[in-house]
Amino acid sequence: METRDRILIVDDDPEIRRLLVDYLAKNGFEALPARDGREMAQLLDKHAIDLVVLDLNLPDADGLTLCRDLRSRSNTPVLMLTARGEEADRIVGIEMGADDYLVKPFSPRELVARLKAILRRTRALPPNLQPESQRCLAFAGWRLDTATRALTAPDGVLVPLSGGEYRLLRLLLEHPNRVINRDQLMELIHGRAADPFDRAIDVQVSRLRQRLRDDSREPQLIKTVRGEGYVLAADVTGRASCD
Amino acid sequence: MRLIPRSLFGRLTLILVAGLLAAQFASLWLHIDERELMLRQGMPHFAGVPSRFWLHLILTFTAVISVALIAVRLVTRPIKQLADAAEAFGRDLDAPPLAEQGPAETRRAAEAFNRMQERIKRLIAERSLALAAVSHDLRTPLTRMRLRAELVDDEALRAQINADIDDMQAMVDATLDYLRGLGESEDPRSIDIEALLASIVADEQALGRAVDFAGGNTAPYPGRVSALKRAIANLIDNAVKYGHAAHLSVVDAPTSPNALRIVVTDDGPGIPPADLERVVEPYVRLETSRSRETGGVGLGLAVARDAARLHGGELLLENRAEGGLRATLTLPRNK
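From first to last, the protein sequence lines are chains A and B.
Each residue of the first sequence is one higher than the one before, starting from 1 at the first, in our numbering.
Each residue of the second sequence is one higher than the one before, starting from 1 at the first, in our numbering.
Among these hints, one or two may not hold up.
Listed next, with one range per pair, are the computed distances between beta-carbon atoms [claimed, not checked]:
| no. | chain 1 | residue 1 | chain 2 | residue 2 | range |
| --- | --- | --- | --- | --- | --- |
| 1 | A | 122 | B | 173 | 28 to 34 Å |
| 2 | B | 94 | A | 59 | 32 to 38 Å |
| 3 | B | 7 | A | 213 | 48 to 54 Å |
Hints are computed from structural coordinates only; laboratory data are not their basis.
What you are looking at is a predicted structure, and each value in this text was computed from that prediction instead of being measured.
We put the CB at the ideal spot given by N, CA and C, even for glycine.
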């Protein structure tokens, strides 16, 4: 039997803690509850934790501060829970190093899907690029803000991306100059294996090229490696801000 | 035929010009009377009105009109400023207050206006805060309910509970969205509109909704991206909910090349003509929609209209001749 991933749940609402622990246990995780920052620190010391689900509003400490402290000590991925859908919260959350975030009330199924995706992502393909703060990824004159998900063209025009386009671009930017095959892309973006005749990834790549004004007949940014996959042919630098 | 001008500027000018002219003519008349007297008493060669009289007349006219124009401008300028300020405040709650200066009456009007602006701002802020607090506090019990619903073994019952929670959450989200739209100040940026629409449509399609985008090339538009996103998403929501499908297109308006038009059409029954204007007001829902299983609190179109107005534009709803509703967001390029 494979070992279960251990999730630490930090939330100040006792009912939500209890319900989440039960729900995650039913879905193949081992979940530990913590009421506040102090309990969270104690549990992190005692146990090997695979992922932390962290509520933004805690009684004794700000979830953001906890997230930043955690990030400075370890690579344990963090999923942030917030009761506010405001963009500002998401921005700080990502800046403080959260890997993903969910707005309350979230669907429990969605939570499990996100947890699996984060674990898959951090294990299958550890990013080449892990700057301290990677809020802004700059490449070939373009800038991608990972908090607002805004892509800015070299001429300063804002180019909105769909969820799929963003995930694909983010993945390519985290592995610049490295060929990623279609199976990996499919698995990491859609969470399912690609069947040999599935063109979903190719369609998405061609859309993304269009957004990046990359000529699909002679692409300069996202190149096709025949029989293997795709590669981002540009150097990527992480910056604290896209401004 | 109207003799009295419509504008205050015109009226005051008329009064001043008439008054000054009357005074001038009176003095002129007295003058001529005097001179005639002098002439009759011994000065010969009086033949008609001397040319100096015409010169006098022209000079008088010019002087009177210029003085009147300047005077009237001085008086009406504060009123125009007040109107401009009210206009700006209507569009943007954070518009700067009016300068409290000038003559006493003007200063008092400006002070009163500024106090009113403060009060309205405070009222809106308080109302938003109260609604946001309620909506916000609902999220914790809703989260618990979602988790509890997963404990229900009866699949049909679980689906019903989840559907109820979805409805409640949609109401909370819509209210928060609407309040955010009223209070948010987002900096305008140059936006690739085609990419904006294509990205929204791709996300909607990923959710399995019948949404298509005809494409269309337009120059980048300087706007507020999250306000526009919310507006378009709401129009799509409406089209899908009441009209089975949403068809998007974007054009530079043919009549005025300086406006962008984002059009969302659907295949539904449209809206009774009498309700077309009313339906964009906040919290207005039509009877037909309430009796159907469509949910919502009636804020979607209000959010879209507010976003259009924020950009100096409008939201127009029309029934299409071939059936279905056409919602047009007109967004001027230079405001």
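Hints the structure fails to honour: Structure breaks no hint.
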